[in-house]
Amino acid sequence: MTAPFSWIRPEPWGIHIVPADAWVDPARAVPRALVTHGHADHARGGHGITIATPETLAIMKLRYATAEGAQPVAYGETVSIGGGVTATYLPAGHVLGSSQILFEHAGERVVITGDYKRVPDPTCAPFQVTPCDIFITEATFGLPVFTHPPIGEEIGKLLDARAENPDACVLVGAYALGKAQRVIAELRATGHTDTIWLHGAMEAMCRLYEEHGVALGDLKLVSDATKDDMRGHIVIAPPSALNDRWSRRLPDPITAMASGWMRVRARARQRGVELPLVISDHADWNELTRTIREVNPQETWITHGREQALLRWCELSQRRARALALVGYEDEDD
Amino acid sequence: MEEFAALLDALVYTTSRNRKLALIAAYLRAAPDPDRGWAMAGLTEGLDFPAVKSATIRNLMLERVDPALWAMSRDFVGDTAETASLLWPEPENAAPQPPLSLAEVVERLSALTRATAPRELPGLFDRMDAKGRYALIKLATGGMRVGISARLAKVAFAQGFDVTVEEVEEYWHALTPPYTALFQWAADGGPPPDLAGVPRFRPFMLAHPLEETQVDLKDYAAEWKWDGIRVQLVRTTDTEGRAETRVYSRSGDDISATFPELLDVLPMDAVLDGELLVRGSAQGGEANDTTQGGAASFNALQQRLGRKTVSGKMLKEYPAFVRLYDVLLLDGTDWREQPWKSRRATLEALLPRLPASHFDLSLLVEAEDFAALAAIRDTARDEAIEGLMLKHRDSPYVAGRKVALWYKWKRDPLLIDCVVMYAQRGSGKRSSFHSDFTFGCWDGDPDAGAELLPVGKAYTGFTDAELKLLDKFVRQNTVGRFGPVREVKRELVFEVAFDSVHTSKRHKSGLAMRFPRIHRIRWDKPAHEADRIEGLRALIKD
Chain V
197 MTAPFSWIRP EPWGIHIVPA DAWVDPARAV PRALVTHGHA DHARGGHGIT
247 IATPETLAIM KLRYATAEGA QPVAYGETVS IGGGVTATYL PAGHVLGSSQ
297 ILFEHAGERV VITGDYKRVP DPTCAPFQVT PCDIFITEAT FGLPVFTHPP
347 IGEEIGKLLD ARAENPDACV LVGAYALGKA QRVIAELRAT GHTDTIWLHG
397 AMEAMCRLYE EHGVALGDLK LVSDATKDDM RGHIVIAPPS ALNDRWSRRL
447 PDPITAMASG WMRVRARARQ RGVELPLVIS DHADWNELTR TIREVNPQET
497 WITHGREQAL LRWCELSQRR ARALALVGYE DEDD
Chain R
114 MEEFAALLDA LVYTTSRNRK LALIAAYLRA APDPDRGWAM AGLTEGLDFP
164 AVKSATIRNL MLERVDPALW AMSRDFVGDT AETASLLWPE PENAAPQPPL
214 SLAEVVERLS ALTRATAPRE LPGLFDRMDA KGRYALIKLA TGGMRVGISA
264 RLAKVAFAQG FDVTVEEVEE YWHALTPPYT ALFQWAADGG PPPDLAGVPR
314 FRPFMLAHPL EETQVDLKDY AAEWKWDGIR VQLVRTTDTE GRAETRVYSR
364 SGDDISATFP ELLDVLPMDA VLDGELLVRG SAQGGEANDT TQGGAASFNA
414 LQQRLGRKTV SGKMLKEYPA FVRLYDVLLL DGTDWREQPW KSRRATLEAL
464 LPRLPASHFD LSLLVEAEDF AALAAIRDTA RDEAIEGLML KHRDSPYVAG
514 RKVALWYKWK RDPLLIDCVV MYAQRGSGKR SSFHSDFTFG CWDGDPDAGA
564 ELLPVGKAYT GFTDAELKLL DKFVRQNTVG RFGPVREVKR ELVFEVAFDS
614 VHTSKRHKSG LAMRFPRIHR IRWDKPAHEA DRIEGLRALI KD
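Taken in order, these protein sequences are the chains called V and R.
So for the first sequence, our numbering puts the first residue at 197; every next one is plus one.
So for the second sequence, our numbering puts the first residue at 114; every next one is plus one.
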């Protein structure tokens with residue numbers, strides 16, 4: 197008889213589902229990968245077979261220009277991956293197409309969350325609490341100082357800054373996949389119908405979101421605009437472009453950044469951010485701890501982030517937990 | 114309080130000096146009295162609430178938050194006030210209370226004692242959001258760190274109310290927070306503040322570094338640059354015949370309370386410029402020398418600095434006196450327009466009227482020519498003094514640094530090669546970089562198994578580009594972790610510059626450096642070639 201849960205094994209470059217010889221979000225190319233979502237640190241190119249939601253596969257196709265071995269799985273669908281293991285893809289609420297994966301083998305249930313959040317997001321399906329024995333969670337914002345305010349407040353700050361500076365533009369740094377579209381969708385939800393100007397790197401992903409039914413309104417490219425076109429408007433660019441030469445073409449930009457890290461002043465100052473917007477697609481401390489309580493697993497494994505603090509919380513609340521030393525997951529820009 | 118918290122927050126995220134000025138000016142115009150006066154005082158660190166220390170805040174938090182989670186959070190955020198503001202457990206379903214004004218907050222903070230602070234602060238925290246708590250804690254513990262110097266605040270004030278910064282400077286030091294008379298004058302068109310009878314600060318005359326310049330000693334007089342703190346002593350008698358003396362530091366801060374022994378020893382109204390020292394034998398002779406009493410090293414003076422109250426024991430063990438450089442006003446006459454040689458003669462004539470217990474004269478250094486003076490300067494280290502001052506004999510006493518009037522000619526720093534042992538992440542802007550370094554010297558022959566003993570700590574002297582490289586070095590060479598401190602491989606050598614070295618019981622090496630800074634990073638030098646403790650010990654001049 198094999199030891200309980202010996203069929204699932206964390207390795208430095210990913211989680212190995214041993215009987216199926218498949219890997220979850222591996223950091224290097226493998227014959228068979230199960231991918232939770234399209235962010236580059238989780239979805240890498242070059243796998244033989246990639247099992248993911250159709251949205252994630254579309255994002256990967258856009259990024260790696262290859263769709264070989266793509267094997268789509270819809271939310272709620274259970275697939276057999278061999279060795280007596282089944283995988284069920286469930287929404288994680290992180291970005292379009294993001295999923296948790298529930299593995300079942302020999303009566304044992306393991307959920308791998310990938311990245312997730314619990315607050316509503318108009319661009320993706322909401323996280324689903326799924327009972328399991330082992331809950332493998334992220335901990336990007338796993339420190340009690342991280343509590344993300346309601347997004348309405350942050351969008352309000354952005355609109356105020358725009359209104360107060362009719363001769364300038366507000367340049368928002370946002371992850372090209374997920375964050376940018378969420379910020380746009382939330383702006384639209386407040387009735388903001390103006391043109392939103394995009395950095396070229398955003399265009400294709402915004403189009404992909406629209407093709408998947410997320411309406412983003414009037415979007416135009418900065419490269420097609422004059423400075424005067426953009427005065428009094430909102431411009432969205434990847435964080436790396438904020439203090440890059442690229443931004444010189446903008447009219448006196450006020451530099452904003454939409455990220456959970458903006459909760460900490462030093463982080464905002466390091467990046468030269470004048471208008472920090474605490475908007476994150478990851479669970480904050482309260483969401484992480486609430487989720488562990490609701491899922492109520494026998495054991496919690498923590499993949500990446502501030503794992504020591506979440507481990508401490510588990511210890512204080514008398515829950516079994518361990519931190520996995522996985523490499524290559526980083527979210528400096530979220 | 115909300116408006117002040119918002120101002121502070123905006124200042125944190127603003128790097129442009131002009132935008133900072135505009136933000137402060139706009140706040141000062143809009144805020145009511147006396148809030149804006151308290152805000153000015155808070156921004157320029159002009160407020161002090163001795164009952165609230167960083168440790169008070171930490172202890173409050175440790176009663177509410179798990180110590181391990183607190184430590185991890187504090188380490189990540191890099192600032193106690195900010196961490197506490199974010200981690201404070203907000204009351205659930207609390208009845209809404211009217212917002213507190215800044216003046217009310219200041220009033221409550223002033224009323225706190227060490228005993229009541231832990232009881233009263235939670236009630237204040239509960240009435241604010243994270244931003245408000247951050248502002249409150251920064252206000253209470255000092256150290257705003259938003260890059261607002263007193264000078265910048267004065268310029269903002271001048272801009273906000275369209276008055277000159279010189280006027281603001283002149284009135285500022287004569288008034289106390291919340292500067293009501295200053296706002297009445299500038300904002301409400303009232304009369305200028307009445308300064309009669311107030312011992313007010315006059316801007317200091319400062320010196321340029323000499324560098325490559327050579328001067329003719331016929332035109333310039335030389336005197337020692339003593340290693341104490343520059344002070345201005347001001348005595349004024351008001352219309353009712355009450356005399357008051359104040360001691361001002363170089364930045365114009367009133368430090369009278371720190372040096373009570375100087376407040377009752379000036380027998381006439383005067384404004385005098387000098388170096389504050391404590392008695393000893395390291396600087397300028399023996400303590401009982403009648404021509405010029407000796408002074409202790411800066412190390413001894415440091416025991417007296419920054420204290421709000423002074424014990425009798427302190428006064429006895431470290432008695433302060435002033436070594437006089439210059440006279441600005443005396444017996445109702447303003448000497449500032451007069452040439453240095455006349456002021457010097459006046460000062461020399463004045464000395465016999467002053468009690469020798471608390472005053473002496475900074476003697477001139479006589480030398481035949483510049484080369485001879487240079488030779489004398491080279492011996493300056495033995496006297497544990499900072500170097501030489503060169504003053505043009507015809508120079509008037511003018512505010513600030515004017516070219517070719519006064520020069521400072523500091524001795525060269527001492528240098529020693531040390532090995533980096535530990536690194537710690539910085540605070541604020543540097544919170545993601547390892548920027549604070551502890552370094553050591555060998556306690557013997559490194560090839561014969563000698564160990565490194567820490568001799569100092571420094572976090573300045575390198576460029577931003579070098580900081581990145583150092584941070585990378587630390588991350589790649591970490592061999593141990595102790596909370597926020599990383600121990601690194603004993604590989605990298607710093608050439609450390611410092612002003613002097615003293616014995617110290619606080620360090621294992623028994624040594625403490627004064628003003629150590631990283632002079633050069635010796636990427637090229639093998640660690641075993643770094644200096645030994647004996648070499649450093651030989652430089653002690655206590």
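Read the hints as simulated data drawn from the structure, not as lab findings.
Some hints here could point you the wrong way.
What follows is a set of in silico ranges between Cβ atoms, one per label pair, in the way DEER data are often shown [claimed, not checked]:
no. : chain 1 : residue 1 : chain 2 : residue 2 : range
1   : R       : Pro145    : V       : Asp420    : 58 to 66 Å
2   : R       : Leu528    : V       : Arg427    : 48 to 56 Å
3   : R       : Arg633    : V       : Gln494    : 52 to 60 Å
4   : V       : Ser436    : R       : Ala135    : 44 to 52 Å
5   : R       : Ala135    : V       : Arg427    : 14 to 22 Å
6   : R       : Arg232    : V       : Glu511    : 43 to 51 Å
7   : V       : Pro322    : R       : Asn206    : 47 to 55 Å
Pairs of lysine-lysine residues, derived as DSS-like cross-links and limited to a Cα-Cα distance of at most 27 Å, are as follows [stated by the list, open to error]:
no. : chain 1 : residue 1 : chain 2 : residue 2
8   : R       : Lys638    : R       : Lys602
9   : R       : Lys621    : R       : Lys602
10  : R       : Lys331    : R       : Lys521
11  : R       : Lys133    : V       : Lys353
12  : V       : Lys423    : R       : Lys133
13  : V       : Lys353    : V       : Lys257
14  : V       : Lys353    : R       : Lys244
15  : R       : Lys421    : R       : Lys585
Where a beta carbon is used, it is the ideal one built from N, C-alpha and C, also for glycine.
We went through each hint and held it up to the structure:
{"no.": "1", "hint": "R:Pro145 x V:Asp420: 58 to 66 Å", "result": "violated (49 Å)"}
{"no.": "2", "hint": "R:Leu528 x V:Arg427: 48 to 56 Å", "result": "holds (55 Å)"}
{"no.": "3", "hint": "R:Arg633 x V:Gln494: 52 to 60 Å", "result": "holds (57 Å)"}
{"no.": "4", "hint": "V:Ser436 x R:Ala135: 44 to 52 Å", "result": "violated (30 Å)"}
{"no.": "5", "hint": "R:Ala135 x V:Arg427: 14 to 22 Å", "result": "holds (20 Å)"}
{"no.": "6", "hint": "R:Arg232 x V:Glu511: 43 to 51 Å", "result": "violated (31 Å)"}
{"no.": "7", "hint": "V:Pro322 x R:Asn206: 47 to 55 Å", "result": "violated (27 Å)"}
{"no.": "8", "hint": "R:Lys638 x R:Lys602", "result": "holds (14 Å)"}
{"no.": "9", "hint": "R:Lys621 x R:Lys602", "result": "holds (20 Å)"}
{"no.": "10", "hint": "R:Lys331 x R:Lys521", "result": "holds (17 Å)"}
{"no.": "11", "hint": "R:Lys133 x V:Lys353", "result": "holds (19 Å)"}
{"no.": "12", "hint": "V:Lys423 x R:Lys133", "result": "holds (26 Å)"}
{"no.": "13", "hint": "V:Lys353 x V:Lys257", "result": "violated (35 Å)"}
{"no.": "14", "hint": "V:Lys353 x R:Lys244", "result": "holds (15 Å)"}
{"no.": "15", "hint": "R:Lys421 x R:Lys585", "result": "violated (42 Å)"}
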